[in-house]
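Since the structure of chain C is already known, use the hints to place chain D on it.
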Amino acid sequence: MHQGAWLLWALSGGLVAITTTNPFYLLPLLGIAWVVHAAHARPGPQARSFRIFLIFGALTICTRTALVLFLPDIQWGNIVEAAMEGLRLAVLLTVFGAYNTVSDPFGVLRLSPRRWHEPALAASLALSIAPRTIAAVSTVREAQRLRGIEVRRWRSLPALAVPVLETGMEEAVVLAESMDARGHGRGRRTRYRPERWGREATFVSIACVFAVGVAGAALLRNDPSLALSAFPVTWPAVAPVMLVAIVGLSVPAWLSLGDQTRASR
Amino acid sequence: MRLRLRSSLLGVALLAGALAPVATAGVACAASSAALVVSTGGDNYTYCVELGGSSVNGIQLIQRAGSQHGLQYKLGYGGNAVCMLANVGASGHDCFGEHPYFWGYWRGNGSGGWTWSGTGASNVTVNAGDVNGWSWGTGDSGSSHPAPPSTTYDSVCATAPGPSPKPDKPERDNSPGSTPAGSGSPGGDSGDSIATQGSPGAKDQKVADNTGTGKSAGGKEAKGKQGGKQKDGEGYEIAVPSPSPGATTGASSNPAGATAEDPPAPVAAFVALGLTAALGALGAVLVRRRRRVGES
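Going line by line, the protein sequences match chains C and D.
So the first sequence is residues 3 to 267, counted in our numbering.
So the second sequence is residues 341 to 636, counted in our numbering.
The shape of chain C in the complex, shown without the other chains (with noise of 0.2 Å):
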């Protein structure tokens, strides 16, 4: 699929996950980004980041949660609300957990205008960060286990972190050098394998557009159902059309399904 669309999947994914803290919406949303990351994750090391990202998360969860427990007359509405606001963060977080683990880090930067090719250098590199690292450790000690060196957990760190950072600094170096080498940034523009904005594409950009609206009407709105109530701790609505809003983010896995039925034909 086109990378804009999957960048567009992915703030749109992000953006509805911020407007609310009611579990009901956010969990839905996790689901959703686990089912993409299944159909769609590049196959390489890189996909291990959907993972790692997902242990960020529920550190995020019990992190936010603990935070609360040293507050002077702590109540259940406290904790409750730490939760989904963790929750909210780590739902965030496997969001762009899966856009790693599906996009070209260095797709992206095609799409951006020439005049701000070098800040779109600077933004892809940042966004695509952790999984190039997860690719870079795993390529390290694998190729350590070959040499004969003993792989333990945290005597081995330095030595592998040495290779890690270097890995890093020359991955984004030698992306610059190649990307001035044909012409970007410079006014000249590759047309070699340009990206085709396809009929998913569409699709997918129209169910982020449709899940975007009907949350900022939601918040607009001032919708009760958005946010969970604390004080009292109440049972969150449910409001139908954010729920299929949000479902409607998952269009990318069924589009990815009928590609898997047509292939095995």
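Hints listed in this document are in silico derivations from the structure and should not be mistaken for laboratory results.
Bear in mind the structure is a predicted one, so any value in this text is a computation, not a measurement.
One should not assume that every hint holds.
[Stated by the list, open to error] In silico negatives: residues of chain C with every beta carbon more than 10 Å from chain D:
| # | residue |
| --- | --- |
| 1 | Ala85 |
| 2 | Leu221 |
| 3 | Pro226 |
[Stated by the list, open to error] According to the in silico footprint, chain C covers these stretches of chain D (three or more CB under 8 Å from chain C):
| # | stretch |
| --- | --- |
| 4 | 384-394 |
| 5 | 427-434 |
| 6 | 484-495 |
Glycine included, each C-beta is placed from N, C-alpha and C at the ideal position.
Same frame as chain C, but now just chain D:
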């Protein structure tokens, strides 16, 4: 010797504890309660809130009124701001969604008058015999915000178990909505027996009966307030966030019919959770399939 003294003291304490309900039954709201006045602009609700001997702040007073007398409330900003009281105010995700209207916090000066509280309710300690007031309106100072009607502690927490239950809403009876019964306490949905279940102690029932809060809360059911605009006593209109068509609203939307409105929320919740589970399962299937393709 010392041990015996201590155990006898303990016995006295236990005895006192056992007698305490009897004492409060005789002299209702004797010393351990505070008065809470909620003025929505058109209606006034008064609550004699049992403090139970513990230190309570202005916010906790509202929460106690909720659990003892079924006062509807919603707090925001970590439980430090008052968004909604007696079904008036912001019930959406934005606690100050009705700005410039908001709930002003007043403290009784002991003789029926009010002083504007310069500090937030969560930082104000409420002692027995105090009067706290909340009034809905505009203006962010004591001179511009409407004060609640003059109220003394004794007028709310009547000392003698007199035969005349004082009506809660002296101004108007047939006002729409805002019956302060509802989902705050599990048992306080309707009827005169408010605060019989779900409240912290059985002695609260006496309190409620004596002050007559139960009468107004249960007697006249709120009707015709399902959202839209609510005409207010002074003529301005308060926009009540209406349940969007098709959307199930939370328990806070309708005080009297809260139990009737409640079930849809869990149903929608189950739909959402089922969806999550289905997506999770689908993802697992996809991952397994990809792995198989990768191996072959």
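Checklist entry - Which of the listed hints are broken here? => result 2, 3, 4, 6
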